Amino acid sequence: MRLPQLRAALVEAARRQERGARRPLYVRRRPLVLIVVLVLGGATAALAASGVFRTGAPLPPSSTPQASLLVGGRWKLLSVRAPDPSGGPAWAIRLVYYRKGWPFHQATLCAQFGRIVDGRFGLLGQDGLFGDDHLFHPADIASYADDGCYGGIASGLNPTSLEFTSGSQEGVASGATEGLLGCSQVNVRSHTPPAVEALYRRRERQLEATIALLRAGGPAARALARPYDVSVAKLVTADEGWLRIGQAVVANKPLKQWTLATCPAGSLRTIYYGFAGPKARSMTLRGHGVNETERVNPADAGAYLFVLPGVTGWYGEQTRVTCLDGSHRWGCVAGRQPVCVPDQRPSNGPSQASPGRAALSILAVLREPPTPANTLPADRHNVLPSGIGRVLVNYIRRARTAFGGTYYLVPTIVTNCKPEAPTERISTVELFKNGSSSGGGPSIADIAAGDGIDGSQSAPIPGSPFVSTTKSIVEEIVPDGVATVTLHFPAVATKSPAVTITATPVNNLMLAEVPIGPGSRPIQQATITWRTANGTIIKTIHGTR
Amino acid sequence: MVVVASSWSSRSDAELLAGDAEAFGCFYSRHEDFVLAVFLRRLGGGRAELATDLTAETFAQALASRKGFDPSRGEGRAWLYGIARRVLADSLERGRVRDLARRRLRVERLALDDEAIARIDELTGDAALAALEGLPEDQRLAVRGRVLAESEYDELARALRCSPSVVRQRVSRGLRTLRDRLENLA
Chain C
9 MRLPQLRAAL VEAARRQERG ARRPLYVRRR PLVLIVVLVL GGATAALAAS GVFRTGAPLP
69 PSSTPQASLL VGGRWKLLSV RAPDPSGGPA WAIRLVYYRK GWPFHQATLC AQFGRIVDGR
129 FGLLGQDGLF GDDHLFHPAD IASYADDGCY GGIASGLNPT SLEFTSGSQE GVASGATEGL
189 LGCSQVNVRS HTPPAVEALY RRRERQLEAT IALLRAGGPA ARALARPYDV SVAKLVTADE
249 GWLRIGQAVV ANKPLKQWTL ATCPAGSLRT IYYGFAGPKA RSMTLRGHGV NETERVNPAD
309 AGAYLFVLPG VTGWYGEQTR VTCLDGSHRW GCVAGRQPVC VPDQRPSNGP SQASPGRAAL
369 SILAVLREPP TPANTLPADR HNVLPSGIGR VLVNYIRRAR TAFGGTYYLV PTIVTNCKPE
429 APTERISTVE LFKNGSSSGG GPSIADIAAG DGIDGSQSAP IPGSPFVSTT KSIVEEIVPD
489 GVATVTLHFP AVATKSPAVT ITATPVNNLM LAEVPIGPGS RPIQQATITW RTANGTIIKT
549 IHGTR
Chain U
3 MVVVASSWSS RSDAELLAGD AEAFGCFYSR HEDFVLAVFL RRLGGGRAEL ATDLTAETFA
63 QALASRKGFD PSRGEGRAWL YGIARRVLAD SLERGRVRDL ARRRLRVERL ALDDEAIARI
123 DELTGDAALA ALEGLPEDQR LAVRGRVLAE SEYDELARAL RCSPSVVRQR VSRGLRTLRD
183 RLENLA
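Residue numbers (the numbering used here), protein chains in the order written: chain C, 9 to 553; chain U, 3 to 188.
Don't read these hints as lab results, they were simulated from the structure.
Some clues are possibly wrong.
Among the chain C residues that face chain U by a calculated CB cut under 8 Å, a handful are [claimed, not checked]:
id: 1; residue: Met-9
id: 2; residue: Arg-10
id: 3; residue: Leu-11
id: 4; residue: Gln-13
id: 5; residue: Arg-15
id: 6; residue: Ala-17
id: 7; residue: Leu-18
id: 8; residue: Ala-21
id: 9; residue: Ala-22
id: 10; residue: Glu-26
id: 11; residue: Ala-217
id: 12; residue: Ala-220
id: 13; residue: Ala-224
id: 14; residue: Pro-227
id: 15; residue: Ala-228
Every value quoted in this text rests on a predicted model; they were computed, and no experiment measured them.
Note that the Cβ used here is the ideal one computed from N, Cα and C, for glycine as well.
Turn these sequences into a full structure, and let the hints guide you.
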């Protein structure tokens, strides 16, 4: 027998079962006694609250306490909570101010990430930490690692500009054990490629040797097959299959790109966090199949925290902050973060470049020479789309004035959170008496295909701070040659009859006022027809797109 | 009166599962290798501790539900295999060993020493590899070349600078040595 201890433990458990089965009926009273004990016993409250994790020993003090010094006990457990993908205690952020370096001259603000049980911040005994005891280990403020950030994730935050702080960390163990003793993810490319290759080769040789002995037959082969309860021939087939799979994996995926996790991939987490500012209301994260929005607390500088399963490549995810005034701002996880405060950070910057040939060839308005009349005044550049790319400032053109506003077309090079694949888009900026707005805008290909249409927005009431509740404005950027655009909205139930509107583009921009009516009229359901000046149909774009 | 102890080995799985605690211990002993091997096969070598945790949970679940074992639906091994498969699937899905039954039954998690790990690793085929590596060099090269690389005897003879008949002899001797060593291990 290979595990006699397990056998003994199971037999003992079976004996306990037998004793339980023989227990007399009066023990049914015991749960009542237990309830009283639970109510009275403060120490067990944590068990009730967490559901799974009992509280174990607190995190031990730092091994070199002189290396850091907490500044006046200044720390704060933020109110933001993020669920773990596998359930259990929520994740939280704790900010700690401390000084380090002799003689503690360097003040630092550090973010720590942990799990919350019964209102306490700590770690879980899993993923190899604390001997996988499945207990919750409080991380009291006096017990943290040498640099004060046992998470090791976000040391050195600037307390005066939290709203510009954000980050992500991949490969954090689910018990919040990054930087401690638990399992973690190792990027083989930068750490141990020889070890991984050796690991694979060893497995390969092992399979080869097994196959060889099985093929040789005899008692040895039968002994090898016996534990699996299959014939020798079947085991050979199975092992050959394993070998082929392994070889195919290596052939298709260079070893240098392997990632070796010292714990199961399911135990790893990707943390994304930041501070959207005190004027933020909620934060949205999109990408990798995730579309999550969480409310943020202005008192915590709009701190947000997302905990996602596995190890994702964070390149390309979008973030969006919704501010208290209802406005939205977009950003990228791997780049500029959206915030709800005046953004003094160096922007991506305006670009002096010119649009691409494709844009110039289909949009005559961009080919117009710049004049004071058709360019956006410099003092209004603050309304330009920010955080999404670089505005080609020499090619901003005023397209038209209508419905109480002035509409500009703004060519922009947008990286869409993927700098390696920039696309050129034409945004629109609308200046009204009472404010302004700007949109992301369609790509040049979208414009050419007829998808350069923007969803309707409430029409402003000229001379009034209010917007119309009965009309909306539809915009479409159209290529040269489109003289009229006909929009046909099908009927919406019986309350909102079909509507057909024909509008004339000016400077490649079509604007149409659409009655809102009692039912909604999604622009996606409209059929759009482009015609030339002599009425010839150029293109018909059918809804629903 | 002389009482003759009944032999556990002669009892069926159904009898063992319906029996007392010691009978369940016998059931465990009978199927320990099988369950460990199932997990090792899925997890690959070097995962003895993980396989042990999964095995412990499998038998804990078996213990908890042994009264529901129905011999008309298959042998104990098939029943165990079904439990093991669920335990593995659940654990893979959760990313960690599902061990609710083990903890509920208060079965302590095992801490394996090197000796225990070595005993478990025998099931993975490491022993076969070690035996192969332990052959004299001329036999090892011949066995690897002929059996693993599937080279022709003539080709091997040229590579090893000897006659084809010598290669045949080395392969034959090498395989015989391997069988003997593995049978001794078993």
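Structure-based check of all given hints:
The interface hint given for Met-9/C holds, since its Cβ lies 6 Å from the closest Cβ of chain U, which is under the 8 Å cut-off. Here the hint on Arg-10/C is kept, as its CB sits about 4 Å from the closest CB of chain U, short of 8 Å. About 6 Å separates the beta-carbon of Leu-11/C from the nearest beta-carbon of chain U, less than 8 Å, and the hint is met. Hint status for Gln-13/C relative to chain U: holds, with the closest Cβ pair at about 6 Å, below 8 Å.
The beta carbon of Arg-15/C is positioned within 8 Å of a beta carbon in chain U (closest approach about 5 Å), and the interface hint is therefore held. At about 5 Å, the closest approach between the beta carbon of Ala-17/C and any beta carbon in chain U falls short of 8 Å, and the interface hint on this residue holds. With its C-beta approaching chain U no nearer than about 6 Å, Leu-18/C sits inside the 8 Å limit, and its interface hint holds. Annotation: interface hint on Ala-21/C holds; nearest CB of chain U at approximately 4 Å, less than 8 Å.
The beta carbon of Ala-22/C is positioned within 8 Å of a beta carbon in chain U (closest approach about 4 Å), and the interface hint is therefore held. Taken as an interface hint, Glu-26/C checks out: its beta carbon lies about 6 Å from the nearest beta carbon of chain U, inside 8 Å. At its closest, the beta carbon of Ala-217/C sits 4 Å from a beta carbon of chain U; the interface hint therefore holds under the 8 Å criterion. About 4 Å separates the beta-carbon of Ala-220/C from the nearest beta-carbon of chain U, less than 8 Å, and the hint is met.
The beta carbon of Ala-224/C is positioned within 8 Å of a beta carbon in chain U (closest approach about 5 Å), and the interface hint is therefore held. The closest approach between the C-beta of Pro-227/C and any C-beta of chain U is roughly 5 Å, which is under the 8 Å cut-off, so the hint is satisfied. Below 8 Å, beta-carbon pairs count as interface contacts, and Ala-228/C has one with chain U at about 4 Å; its hint therefore holds.
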